[in-house]
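Please take these sequences and the hints and turn them into a complete structure.
Going by the working numbering, the first residue of the first sequence is number 40, and it counts up by one from there.
If you're looking for bench data, these hints aren't it; they were derived computationally from the structure.
Possibly wrong hints are sitting among the right ones.
Each computed DSSO-like pair below joins lysine-lysine, with the alpha-carbon atoms no more than 30 angstroms apart [what the hints assert, rightly or not]: (1) 111 <-> 428; (2) 540 <-> 509; (3) 105 <-> 358; (4) 358 <-> 391; (5) 181 <-> 551; (6) 169 <-> 211; (7) 105 <-> 468; (8) 210 <-> 169; (9) 540 <-> 551; (10) 439 <-> 105; (11) 468 <-> 169; (12) 428 <-> 468; (13) 169 <-> 428; (14) 551 <-> 169; (15) 428 <-> 509; (16) 181 <-> 667; (17) 358 <-> 169; (18) 428 <-> 439; (19) 468 <-> 358; (20) 439 <-> 358; (21) 540 <-> 439.
It should be emphasised that the depicted structure is a prediction, and the values quoted were computed from it without experimental measurement.
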Amino acid sequence: MSSQEQLLEGLNGPQRDAVTHSGAPLLIVAGAGSGKTRVLTHRIAHLMAERGVRPGEILAITFTNKAAAEMKERIQALLGVRAANTMWTMTFHSACVRILRREAHRLGYPSSFTIYDSADSARLMQLVCKEMDLDPKRFPPKSFSFQVSNLKNELVDYDTAAEQAQTEQEKKLAEAYQLYQRRLHEAGAMDFDDLIMVTVNLFQMFPDVAEYYRRRFRHVMVDEYQDTNHAQYAFVRELVGAAEDSDTGVVPPAELCVVGDADQSIYAFRGATIRNILEFERDFPSARTILLEQNYRSTQNILSAANAVIDRNEGRPAKNLWSEQGDGPAITGYVADNEHDEAAFVVGEIDKLTDEGTVTPSQVAVFYRTNAQSRVFEDVFIRTGLPYKIVGGVRFYERKEIRDILAYLRVLANPEDTVSLRRILNVPKRGIGARAEEAVELFAARERISFSRALRRVDEAPGIATRSVKAVQNFTALLDELAEAVPGSTPAEVVEAVLSKTGYLSELAESKDLQDESRVENLEEFVDVAREFEHTFAALLEEEPPDEDEEDGAVPSGTLDPGEPTLVDFLERISLVADTDQIPDADDTGGVVTLMTLHAAKGLEFPAVFLTGMEDGVFPHTRTLGDKTQLEEERRLAYVGLTRAQRLLYVSRAAVRSAWGTPSYNPGSRFLDEIPASLVDWRRAESSLAAPPSRGIGGGRGSGGFGSTFGGGPRRGTGKEAPTLGVGDLVNHDSFGMGRVQLVEGAGDKTKARIDFGADIGEKDFLVKYAPIEKL
DNA sequence: AACCAGTCACTTTTT
DNA sequence: GTGACTGGTT
40 MSSQEQLLEG LNGPQRDAVT HSGAPLLIVA GAGSGKTRVL THRIAHLMAE RGVRPGEILA
100 ITFTNKAAAE MKERIQALLG VRAANTMWTM TFHSACVRIL RREAHRLGYP SSFTIYDSAD
160 SARLMQLVCK EMDLDPKRFP PKSFSFQVSN LKNELVDYDT AAEQAQTEQE KKLAEAYQLY
220 QRRLHEAGAM DFDDLIMVTV NLFQMFPDVA EYYRRRFRHV MVDEYQDTNH AQYAFVRELV
280 GAAEDSDTGV VPPAELCVVG DADQSIYAFR GATIRNILEF ERDFPSARTI LLEQNYRSTQ
340 NILSAANAVI DRNEGRPAKN LWSEQGDGPA ITGYVADNEH DEAAFVVGEI DKLTDEGTVT
400 PSQVAVFYRT NAQSRVFEDV FIRTGLPYKI VGGVRFYERK EIRDILAYLR VLANPEDTVS
460 LRRILNVPKR GIGARAEEAV ELFAARERIS FSRALRRVDE APGIATRSVK AVQNFTALLD
520 ELAEAVPGST PAEVVEAVLS KTGYLSELAE SKDLQDESRV ENLEEFVDVA REFEHTFAAL
580 LEEEPPDEDE EDGAVPSGTL DPGEPTLVDF LERISLVADT DQIPDADDTG GVVTLMTLHA
640 AKGLEFPAVF LTGMEDGVFP HTRTLGDKTQ LEEERRLAYV GLTRAQRLLY VSRAAVRSAW
700 GTPSYNPGSR FLDEIPASLV DWRRAESSLA APPSRGIGGG RGSGGFGSTF GGGPRRGTGK
760 EAPTLGVGDL VNHDSFGMGR VQLVEGAGDK TKARIDFGAD IGEKDFLVKY APIEKL
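Shown next as structure tokens:
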């Protein structure tokens, strides 16, 4: 068998076409489970084996590090370590950082620029708004931050924003944008959106740089193309150099191949434009489109359900997933009385499935719309002792203690990083309060120097307490001492030095707060992360051959010195790699049940899937009910959820669900009605509870479609009456179970009760009006 | 400067 | 229920 035949073996017709297509831009419309990663990797192999393409000429872009790692792994299996390491297989952001580190000096940034994540940039925007004396009620910094991000995604700079500004809001926004950008630049920092936008600007401002990368990358591939925003689209376009663009110069356009599925676009709320995939043929007139519709993942029943749901979206190009795997079992439906009942059903069912050996825990996933819904499941999983893992939620690098230490590291790597510097100024507490900070800030503004420089001259700052001056000087001395050790130390050693010399660790160790114990553990884990990083980094360097293009004398500039991993390397890794994914391997024997939001589920597959919280107001979410575009995105989310299941699919809802203290009665999700009835076997079709005590429940869809909690009238008075409690009464609490009233105080809505739940839980205080308590 | 109690707001979130 | 933020108190 020839190598070509080997590469194409086991691929269906359209897949083969996609692998062997050459020349014109190619759009692969890959339905869920249609083997797109396989096609992509085989296409790369084909390029190299049959068309003489060198690995260094290929750029494969993904959205997540996980997807990049997976692709790299599969390329390695197919083509070997060398090819896998020479190719650029990485996320948009990583690719841009790699380019920017080399070229940043042209734009007045240090090559070791800091990367601000969304929390940092929100903080900076807050500082900017304060500096502008904006009323946070009328001009919320959060909203400004969000809007600036949107503008950057659209490649709108602050000058343009200012020109287009009509209202006072828009004018202030443009002004804040400009100041924000100046502060970023002064801090030697870029936010996530800058990474893309600035790279595009760089290509446009320096044709020689653009040409250098165009020469280098002759093949550009983009995965999850439906999730690209305008800036990312422009980046791809700049890189490829479309044939009809006049400024392409002597380099012919690179071959472009994008893969995506408009039906799985669930990130429009973050700026992704489905337009990019829908209009691919208009953007690249000679383009060819190949449709992958055969699904290798799910049974036909599951696909028919998914197809029927997604078909309700308007203006959608026809696509119909089909499977050769047969109908499979029916979808199981369940209507629970409340969310606890729903969780109990799910756990009971998983218990049954694992007991009879149908699946192992790791083959099961539970999906929900919002993170908050995970609590109830967690409770029940713990109680039944079923092993589980929650993906997402508060991420490791977002924990306070980790961010604090990170801020120290960032300041050491880049002393001008104001946001980080101000974060650690008084952490751990060292007597530098708001007053002192303000004095330094004013002094900096007056002298037109950076905050960091002002800090060094704190003794000159007017109106600052002598005690504070001392405290600041101790602090800068501490920073100097730490900084001195950086050049000769590995990242892990720096982390350890920060932990001990700042007194951060000892403060936590002395604390009696239970939470602080887990903080210490997290910090220990962080040191491990640093050590781990040093090892993998060293391993990578040994394997990676020198950059092939470096010797051809093109435009190499900037300073990159391979060798020991530096602090900057480590920080970059952390900014760009969210959580080295906690999603357990599917082939884990036994293992644990995975719980996650529908968004987190994208790209995964499980033999058994539970889609929970299928209620109008939960999923689709209340906030989307009034907006057709948003509702369609929710529907795509439903489509993504349904198509994760390989064989067993459960859909469930709760008749009553308490949200923020008050119960709400939600009608079943419209997406449930959109699944053909013949495909669902309702284990329990309605709640055993009486209809709720207000109007418009159950049927009322279309007339605004809100859940009853928001049906109109004041919030107070909806739901249940507060029980009248007396000392000694026996009560039942939704999460804590049975307890006895110890004390009652206050009156009316403010009546409080102290309830003793026994040795395990102890006494707790509740607002009787809102607590989920019933008198027994 | 540090602490506490009251107030508000609350989807999703690859980087 | 909870976490983040604020304004007043100690």
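- Between residue 468 and residue 169, does the CA-CA distance stay at or below 30 angstroms? holds, 23 angstroms
- Measure nothing beyond the straight line between the CA atoms of residue 540 and residue 509; if it is 30 angstroms or shorter, mark the hint as holding. holds, 18 angstroms
- Message: Hinted pair, alpha-carbon criterion (30 angstroms max): residue 169, residue 428. Please report holds or violated.
- Response: violated, 41 angstroms
- Query: When you check the alpha-carbon spacing of residue 439 and residue 105, does it fall within 30 angstroms?
  - Reply: holds, 25 angstroms
- Message: What's the verdict on residue 468 and residue 358, does the C-alpha distance respect the 30 angstroms limit or exceed it?
- Response: It is violated: about 60 angstroms lies between the C-alpha atoms, which goes past 30 angstroms.
- Going straight from one Cα to the other, do residue 181 and residue 667 come out at no more than 30 angstroms? holds, 25 angstroms
- Query: Does residue 358 lie within 30 angstroms of residue 105 when you go C-alpha to C-alpha?
  - Reply: holds, 27 angstroms
- Does residue 551 lie within 30 angstroms of residue 540 when you go C-alpha to C-alpha? Given pair residue 540, residue 551 holds - Cα atoms ~21 angstroms apart, limit 30 angstroms.
- Query: Hey, residue 210 versus residue 169, does the alpha-carbon distance stay inside 30 angstroms?
  - Reply: holds, 16 angstroms
- CA of residue 358 to CA of residue 391, is that 30 angstroms or under? violated, 36 angstroms
- Query: Do the alpha carbons of residue 428 and residue 439 lie within 30 angstroms of each other, as the hint requires?
  - Reply: holds, 22 angstroms
- Under the criterion that the straight-line Cα-Cα distance not exceed 30 angstroms, is the pair residue 540, residue 439 satisfied? holds, 19 angstroms
Hints 4, 5, 7, 12, 13, 14, 15, 17, 19 and 20, counting from the list given before, are not met by this structure.
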